[in-house]
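Colleague: Given chain F's structure and the hints, the job is docking chain G onto it.
Chains as they are written, first to last, in our numbering: chain F, 17 to 684; chain G, 2 to 439.
Quick caveat, the hints were computed from the structure, so don't treat them as lab data. Treat the hints loosely; a few may be bogus.
Claimed, not checked - Footprint (simulated), chain G over chain F, 3 or more residues, beta carbon under 8 Å:
#1 61 to 69
#2 76 to 82
#3 145 to 155
#4 180 to 186
#5 558 to 569
We put the beta carbon where it would ideally sit given N, CA and C, even for glycine.
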Amino acid sequence: MRDERQLAQKTATELETPVKRARELAEKLGLRPYPVNYWIVDHDEMNELIAYSGFQRRYPHWRWGMAYDRQRKQDQFGMGKAFEIVNNDNPSHAFLQESNTHADQKAVITHVEAHADFFANNAWFGLYSDRGDPGQPNAAAMLEQHAAAIDRYMNDPEIDRADVERLIDAVLCLEDTIDQHRPLLAEADPEDRDLSDIRDQLDELGLSDDVRQNVFDDAWIEAHEDAAAELTLDDPERDVLAYLRDHGLAYDNSQQKAVERESWATDVIDRLREEAYYFAAQKMTKIMNEGWAAYWESLMMGDERFAGTDEFITYADHQARVLGSPGLNPYKLGKELWEHIENTTNRKEVVDKLLRVEGITWRNFHDAIDFSVVEERLQPDPLVAGLTASDIDELLQRIESNDDRFDAERVEAAAAGELDLDRYPWATLTYTGLSERHFSLTRRHNRQFVSQISREALEREARYMFDDERYETIEAALADINYTSGWDRMREIRASHNDVTFIDSFLTPEFVSSHNYFTYEYSQATGDYRVASIDPADVKRKLLLQFTNFGKPTIAVYDGNFDNRGELLLGHRYNGVALNEKQAHAVLERVFELWGRPVNLMTIRVEYDEHELEVARRRGREPNGTEVGVRFRYDGSEVTEHDLEYHLQEAIEATDVDYDTKPDEWLA
Amino acid sequence: MGLRDDLERFREVGESRRQDLSQFISYGDLGQSTQGSVQIPIKIVDLPEFVYDKRSMGGVGQGQGGTPQPGQPVGPPQPGDGDEDGEPGEEGADHEYYEMDPEEFAKELDEELGLELEPKGKQVVEEIEGDFTDITRTGPRGTLDFEELFKRGLKRKLAMDFDESYVREGLKVRDATPRDVYEWARNQNIPVSLAWIADQASQLAADELNQWESFEAVEENVANEPTINRLRREGLREIPFRKQDERFRYPEIIEKKERNVVVVNIRDVSGSMRERKRELVERTLTPLDWYLTGKYDTASFHYIAHDADAWEVDRPEFFGIRSGGGTKISSAYKLAAEILEQYPFSEWNRYVFAAGDSENSSNDTKDAVIPLMESIDANLHAYIETQPGGAAINATHAEEVERQLGDRDNVAVTRVGEPNDVIDAIYDILSTEGTTDD
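In isolation and in its complexed conformation, chain F is listed as follows (with noise of 0.2 Å):
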């Protein structure tokens, strides 16, 4: 024990300045991460972090247990490394396994910083950070507290453990059907609250049960519970969580009717519902913040070399397995639009410099300039692009006619000898310094990039150009460019996107078709699954259906009191991708659970009758269905499936989205 934690304080001790640099670099680069500590832990540790999505205690539940279970023989069959958990806070939290390599660790660091910069500047993430002190997530603390809690209910005499654990598993049914997109109010609007006591009042007064079934009856309370749960079915409930917590009852098996929720069930989903707001900003922009992580440790391990020589390989190789994982790699994907966004960004501002020479029009563009020039201007200044110990006195002299590429600061602690320029370069460059350093055009596989821009792209950047004859020659136009748009732009789309609005906004044709992307669809006619489109513009619907809300169904409560008799009313909005049934019955019969009452769910589906698929099979092609509404109702015993009213399958109709990428003569 005591050679285990030694180990782990060397491997602190020599991670130290690792972590002092990468800070200083990723702000010279631009970022502002929150405080990020380090802890180096050992293998069983990090399983436990990850398990617990990366904190050290969560409330007691067996699906802690079952991701400790498959982390576990994840790593004892050695089938997968986990490199490093970071956790969103403030500070954050970054576990390192100790017996990682030092040039993993040098690239986990990097990558860390960049997650943690993530965390603390997208406005996603602030949707729950600032719902108290602005930047503020207390994460930690706010998970403890609700472990705390919640074992203390199941420790709780009086409470029936089980019943806690069923509570939770019912809630963490409905997790993902919360409303995302809107802050998490720190308490629920007071009068819901108020309302919902009417019962604690009535319990108070102590009338019979007899008094209360004949005159306080659930449809009195209801009927004065509606009145503050005004639903209207064109203005659904898409926080269904909370609408459970504030109208929901408890089903009182030997009473066989609904009671009103003891006030731990009601604290219990309360929580629960917190944390599903907490953890759905990382959900949200996985893309982009794997993304993100992805292109800063590139830039800072490869192009900078934070990771000495003896270890650029390791890491190389570390780096090529993380991006080279199979199937819609989200670090792949995230860090290629990143360098779409750079290339696309500095391409602008160079095209705008140059089109802003005399004599140079969208029109004659290509002709005009010779690009070979532009490229040979566009290379960084030398000592920017170079930069060892023997250039320290070339870099006194910038400094003393003001070069604002150099940090005077850290130049003169170089010449001092309190900075390895050798192994710093960059410490002595300032934000505008290196943006020129790594401008992305330079890059030998984007040297093409400009003279490629398509004469629509030129003419759209000409169109409103007024100031178009400043520069006399290329040379001066190229001389004002500025090298800092590209990372300035990426800072503010990482800051204000989640990752449907990246995809949305970034996704070009040429990036799907350069990256063979196609759709697929279940073909009813042959039984499997087959290539359905190339195009891109179905390409990117497919993969917004992937991650607009989750990835999963939108589920909105539509009425709080159905056929007035206080049945629950859930309504899929159907965009045309039909719901999973089995998996809906099931989870309807743990909302039931939190309702206490009958509870419905609308949907739509797709019928084919007999006779078409039949005409379908003989000619080879596919089936067409109608679509059908119906309702699903749950009554504690058995789901039955009726007919949904015209009116109501008009609600959930979304008639302006189509995922459907099927082409009309498939497999013609």
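Modeller: Using the frame of chain F, we list chain G on its own:
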């Protein structure tokens, strides 16, 4: 409190409590079922949620080496393409992650346990063409080794070359016949032919004759210039390329012995094998399979489940099923022997791993199992006894096998009582095989 407690409660879900969740339990695969990878079954409890119908949802894929055409079939959606659960970092904090392959695993385990298992190449021979390093005298022009031809030509030239003017001087010696000159020259190791001398003699002008009194006078007055100097002065000019100097490159034939392995995993699924025991079996057998996959070129796996009867199953089922009946271990060995007929021992490395709680019907071990184990040729027979909390009185199978066959170098018996024993058990098994040397 804490994760241990969570883990314990997770194990109990659907087993000793929370029967309401049993419909959501599945034994899925750990990791991706890519080719060559071993699938590790893992208990998964999937709470229901509102999700799209998979078929209705479709998806996005990425073509490997080109965009496919619409209408082309694609496989069923792959995990990782969409919202599959268990995605690393699906929820919560972010972490990086990569998959390891069996070879890497085998290497790590070797290091961990200090094993030096060199799998035996079995007879299955494949001839493959290696590098073009062998040489023959005939062959297609394309494989002509010109460098060799040039070298040999150069040697030949060097060997045949001599200072012609020096030998010609010899002819000018008074009364020297071509034969005299030939012998004189040959005595000085000058590679000249008699025919050449005769030819030169006939061309000699009359006034050149008798210029020297003797051969000694020639030697004193005329220098015999070494070939190398002449070459330096005059250059190579012509290299004599001769048919007999031609050499053709030829690919080396490498006999590749393929290292094949067949593994028969046997598991007792009878009523007495409860969840804990089941998991111990899984924990022990899976790394073994994984390890052997990494060690061999081709690995073939068979899974036999047995109670009083034995039947072959697929891997996902293997760890999941549970039956009611009694136990008769020999039924499994009979089936194993049948299966192994397709894998002649001369061509395949064979491993038979059986696991159970050592309970067997009376006399079956002695009368049936042990003779069967003796008759089935295998690199290794292993029996893994899983008895959390010590063996029951009637559970004597492991003991009997150990008593009867323990001295054989291809039989291993090991006991796993709790997860911490797994590594030791694996070591016991693999090191037994390691000492076998035939």
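Colleague: Now look at each hint and say whether the structure bears it out.
Modeller: Tested hints:
no.: 1; hint: 61 to 69; result: holds (count 5)
no.: 2; hint: 76 to 82; result: holds (count 7)
no.: 3; hint: 145 to 155; result: violated (count 0)
no.: 4; hint: 180 to 186; result: holds (count 3)
no.: 5; hint: 558 to 569; result: holds (count 8)
Hint check: a violation occurs at hint 3 only; the rest are consistent with the structure.
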